[in-house]
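So the protein sequences, as listed, match chains A and B. Residue 142 in this note's numbering sits at position 142 of the first sequence, and the numbers go up by one each step. Residue 1075 in this note's numbering sits at position 75 of the second sequence, and the numbers go up by one each step.
Calculated from the structure, these hints are not laboratory results. Hints may be right or wrong, so weigh each one.
[Stated by the list, open to error] Cross-link-like lysine-lysine pairs, in silico, DSSO-like; alpha carbons within 27 Å at most:
#1 53(A) / 151(A)
#2 151(A) / 1095(B)
#3 53(A) / 90(A)
#4 220(A) / 171(A)
#5 14(A) / 162(A)
#6 162(A) / 220(A)
#7 1143(B) / 171(A)
#8 1059(B) / 84(A)
#9 1046(B) / 1059(B)
#10 1134(B) / 171(A)
#11 14(A) / 165(A)
#12 151(A) / 84(A)
#13 84(A) / 1092(B)
#14 1143(B) / 1095(B)
#15 1186(B) / 1004(B)
#16 1134(B) / 151(A)
#17 1059(B) / 1004(B)
#18 1095(B) / 1059(B)
[What the hints assert, rightly or not] Computed footprint of chain A on chain B; a stretch qualifies when at least three of its residues, placed anywhere within it, have a C-beta under 8 Å from a C-beta of chain A:
#19 1002–1012
#20 1023–1035
#21 1041–1049
#22 1097–1105
#23 1145–1159
#24 1189–1199
[What the hints assert, rightly or not] Reference listing, derived: stretches of chain A covered by chain B, where coverage requires no fewer than 3 residues with Cβ under 8 Å from a Cβ of chain B:
#25 61–75
#26 142–150
#27 164–171
#28 208–215
Beta carbons: idealized from backbone N, C-alpha and C, even for Gly.
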Amino acid sequence: MSTVTDKELNETVKPWTRNQMAERLAQDINDGWFVNLGIGIPTLVANYVGDDKEVIFHAENGVIGIGPTPQENEIEPWLINAGKQYITLKQGGSYVHHADSFAMIRGGHLDLCVLGAYDVSSSGDIANWALSETDTAPAVGGAMDLAVGAKRLWVLMEHTTKDGKPRLMSKCSYPLTASDAVSRVYTNLAVLDITATGFQVVDMAPGVSREYLQERTEAKLSF
Amino acid sequence: MISKFVNSVAEALEGVQDGSTVLLGGFGAVGQSVHLIEGLIEQGAKDLTVVANNAGYGKVGLARLLEAGRVRRLICSFPRIAGSTIFENMYKAGKIELELVPQGTLAERMRAAGAGIPAFFTPTGVDTLLSNNKEVREYHGRKYVLEEALHGDVALIEAWQADRWGNLTYKQSGRNFNPVCAMAAKLTIAQTQHTAELGELDPESVVTPGVFVDRVVHLPYGSPQL
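So that you can see chain B by itself, here it is in the shape it has in the complex (with noise of 0.2 Å):
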């Protein structure tokens, strides 16, 4: 019988490596899974490298992780946005390194890699500072740069619904990254915020299906702050 349900954030992030490329799914305060990454301080991990699209805010989740120093880099589409303060005072401290991508390379990049495509070429970002010393090519008279897959050893996602297959449904626009995320990872742990018996899921509303993910806790935490 297969269970991928998990009894604690602790026996969800059970054997993550120092080291590990973490993906983090989530916009903003929507669709992070909050409670796994900040359980990544007790778990211990550290000299991370985590993708995600923002850098944190406040005092929570990855803002967390990273003032505890365990990221050591932080490949991220848009780090700035309103309370992101920990991670800005890090960087001009020359405390943590940071690889900027454009949001629908850094998506597309964590698709590729779930969907055994190494590398493809991307119109975004050509004649950047961002496609330095990237290869750039012409295809019908118009230019594209390539970018490689983003494989991750971990994903830690955010679902609305999970069974224990670990068939997921999201809420809203709390589904962002979260697909994309556990398609690309070794190892995809989700938190969810309501739990389904088989065959209660509608077939048709199941966005992530099991096969992407491999261990899920049940945390229902209410709804994200902004």
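Chain A on its own, in the form it takes in the complex (with noise of 0.2 Å):
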């Protein structure tokens, strides 16, 4: 690419917040799913689901039907998300034991599961749990069981790393959590699904052309 044409581009793109890709996949959220947003980005997704539609929050600890974010006079001691912080239970939420919450996820009962990750792969593989296979303090937690057992999963994520490397690939280049399961990436550049021949991009960002998302993405693209 020559600096000139990537000056100008940079000029005119517009690529979307946290928050509005956050905004942008909940918009494609159906009226009745049961969902699990990972920790991090996804847990931005709960805000965007507007009161026209009911959707349950699963929580992996065992909570079911997540309300609004406690005010500090609300707080719950014993009531907390995957990522350990302070939530609120909607009216017809319960609570349920480990072994039946991921009953609940590897079973196939949840509609969607949202995750962010490092990388994923133009046939669906995800990788978002060890930098290498020798990480100095490796965690995996529910990532592995979420990705295989929900109806659908996809993944919301930054479209490269901050030094610019991309993250859509051929191959995924870090440790995988599971082969072939994602469907849907939300970037802050485009919206891609995963189909038999590989990313198909279905929207993209303010600005932004296909050459400017082809040359920040490993992997080829179809539009």
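Make one complex out of these two single chains by using the hints.
Shown next, in the form of structure tokens:
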């Protein structure tokens, strides 16, 4: 790419913010779905599901029907989510133990799970738990169960790393969380479906051109 | 007459042997039997294998037990929560072994142990480092990995209410791993915030029936600190 072109492009490209990414994803959640939001950016999605839809949010530590974040004076010390943050329970909500919570996950009862990732491959592989095979402090949590169990797995992440390295790959570069699991990716630059022929772009942020997007993606894109 | 109540942490932990596998309820700070875990330091059991979702935090509970050098091996799903520096430093220094298990597999391995199921096939972890050297079998065109039941010698759990039969209720997300740990150990010890007379607990609200519980100690310690 020439620097001139890149500069010109950068003046018109308006990547989505994290909140806009969450809002864009929330538009695609259907009324009545049972949904698990992973820790990090995916948690923001709950803020953008409008009152016109009734969506039940599940926390892996056994909470079904998470409500809005509590005010300081509403905090219940025994009521937390997977990220160990205080939450509330909606009317109609309930509690289960861990084996039942993961039976719901693994047994295919979640309509949707949204996770963050280090990278995603064009065949739907996801890597989001370890930076290397000899990670100094490995931790997996519920990511592998969520990735294989939900009816749909969508990934919400920045299109590239802070250093500009691509995260949409022909093959994942980090240890896998699950293979052939992701069906859709929401980034700050685009929304992409994973199809039998790889990444299919369904939406792009304002000002993003096909060339601009492909230059920031290691895998081949279809439009 | 059945009475599972004991009067102190020391009495509750009597007989825990060196080399035991100890199952801990709790998810982060919530639902963790902090006083029983710390009681193990005074009790003296060593060379322990501890099974827990997290590796402790700050300088309380499991973190203190680790620091005291009583744990040889940790079986855990997410040892990297904020504040779990004691574990991280010991792990980097090679002072503790870690078996990393996906969270749902950890819960199901204990449930299986309590339910008389020696092993099961799960889709979780297929094609990942965590299924290395494990049997993989295909059912209906999908791959599954063989995981074995995880039995405990001792389970240390936290309840909200308990009666003298050892019937337990839990509070909100404090339930988490506690009921599955209770099922899976030879000796299940609960610390409870509140006690109830027999017949006082609504039978519909008892989550862990006393059949899974051996000893109960009343410790009204207040709210968990995140």
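How the hints compare with the structure:
For the hint pairing residue 53(A) with residue 151(A), the CA-to-CA distance comes to about 19 Å; that is within 27 Å, so the pair holds. Restraint check for residue 151(A) and residue 1095(B): not satisfied, since their Cα atoms lie roughly 41 Å apart, outside the 27 Å limit. This hinted pair checks out: residue 53(A) and residue 90(A) have alpha carbons roughly 14 Å apart, not beyond 27 Å. Restraint check for residue 220(A) and residue 171(A): the C-alpha separation of about 11 Å stays at or below 27 Å, so the hint holds.
For a cut-off of 27 Å, the pair hint linking residue 14(A) to residue 162(A) stands: about 17 Å separates their Cα positions. Simply put, residue 162(A) and residue 220(A) have alpha-carbon atoms about 21 Å apart, close enough for the 27 Å limit, and the pair holds. The suggested pairing of residue 1143(B) with residue 171(A) holds, with an alpha-carbon distance near 20 Å, which does not exceed 27 Å. Distance restraint check for residue 1059(B) and residue 84(A): the Cα-Cα separation of roughly 18 Å lies within the 27 Å cut-off, and the hinted pair is therefore satisfied.
Proximity of residue 1046(B) to residue 1059(B) is assessed by CA-CA distance (about 19 Å); at most 27 Å being required, the pair is judged to hold. Distance hint between residue 1134(B) and residue 171(A) is fulfilled; the C-alpha atoms sit about 24 Å from each other, no more than 27 Å. For the suggested pair residue 14(A) and residue 165(A), the alpha carbons sit about 19 Å apart, so the restraint of at most 27 Å is met. Among the hinted pairs, residue 151(A) with residue 84(A) is consistent with the structure: their alpha-carbon atoms are about 25 Å apart, no more than 27 Å.
Between residue 84(A) and residue 1092(B) the alpha-carbon distance is near 25 Å, which keeps this suggested pair within the 27 Å criterion. Taken as a hint, the residue 1143(B) and residue 1095(B) pair is broken in the structure, with Cα atoms around 35 Å apart against an allowance of 27 Å. With a C-alpha separation of about 15 Å, the suggested pairing of residue 1186(B) with residue 1004(B) holds against the 27 Å cut-off. The suggested pairing of residue 1134(B) with residue 151(A) holds, with an alpha-carbon distance near 26 Å, which does not exceed 27 Å.
Straight-line distance between C-alpha atoms of residue 1059(B) and residue 1004(B) comes to about 30 Å, which puts the hinted pair past the 27 Å bound. A C-alpha spacing of about 18 Å is found between residue 1095(B) and residue 1059(B), which places the hinted pair at or below 27 Å, so the restraint holds. With 0 residues having a Cβ less than 8 Å from any Cβ of chain A, the segment 1002–1012 of chain B misses the three-residue criterion, and the hint is violated. Chain A is given as covering the segment 1023–1035 of chain B, and this holds because 5 residues of the stretch bring a CB closer than 8 Å to a CB of that chain, at least three being needed.
For a cut-off of 8 Å, the count of residues in the segment 1041–1049 of chain B with a CB near a CB of chain A stands at 0, and the three-residue condition is violated. For the segment 1097–1105 of chain B, the proposed coverage by chain A is satisfied: 7 residues have a C-beta within less than 8 Å of a C-beta in that chain, meeting the threshold of three. Evaluation of the coverage hint for the segment 1145–1159 of chain B: breached, as 0 residues show C-beta separations to chain A shorter than 8 Å, against a requirement of three. Look at the segment 1189–1199 of chain B against chain A: 0 of its residues bring a Cβ nearer than 8 Å to a Cβ of that chain, fewer than three, so the hint is violated.
Here the segment 61–75 of chain A counts 3 residues with a CB under 8 Å from a CB of chain B, which clears the bar of 3, and the coverage holds. Residues of the segment 142–150 of chain A lying with their CB closer than 8 Å to a CB of chain B number 6, which satisfies the three-residue condition for coverage. Check result for the segment 164–171 of chain A against chain B: violated, 0 residues qualifying (beta carbon to beta carbon below 8 Å, three or more required). Residues of the segment 208–215 of chain A with a Cβ under 8 Å from some Cβ of chain B number 0, which does not satisfy the need for three, so the listed coverage is violated.
Figure legend: structure checked against the earlier numbered hints; hints not met, in rising order: 2, 14, 17, 19, 21, 23, 24, 27 and 28.
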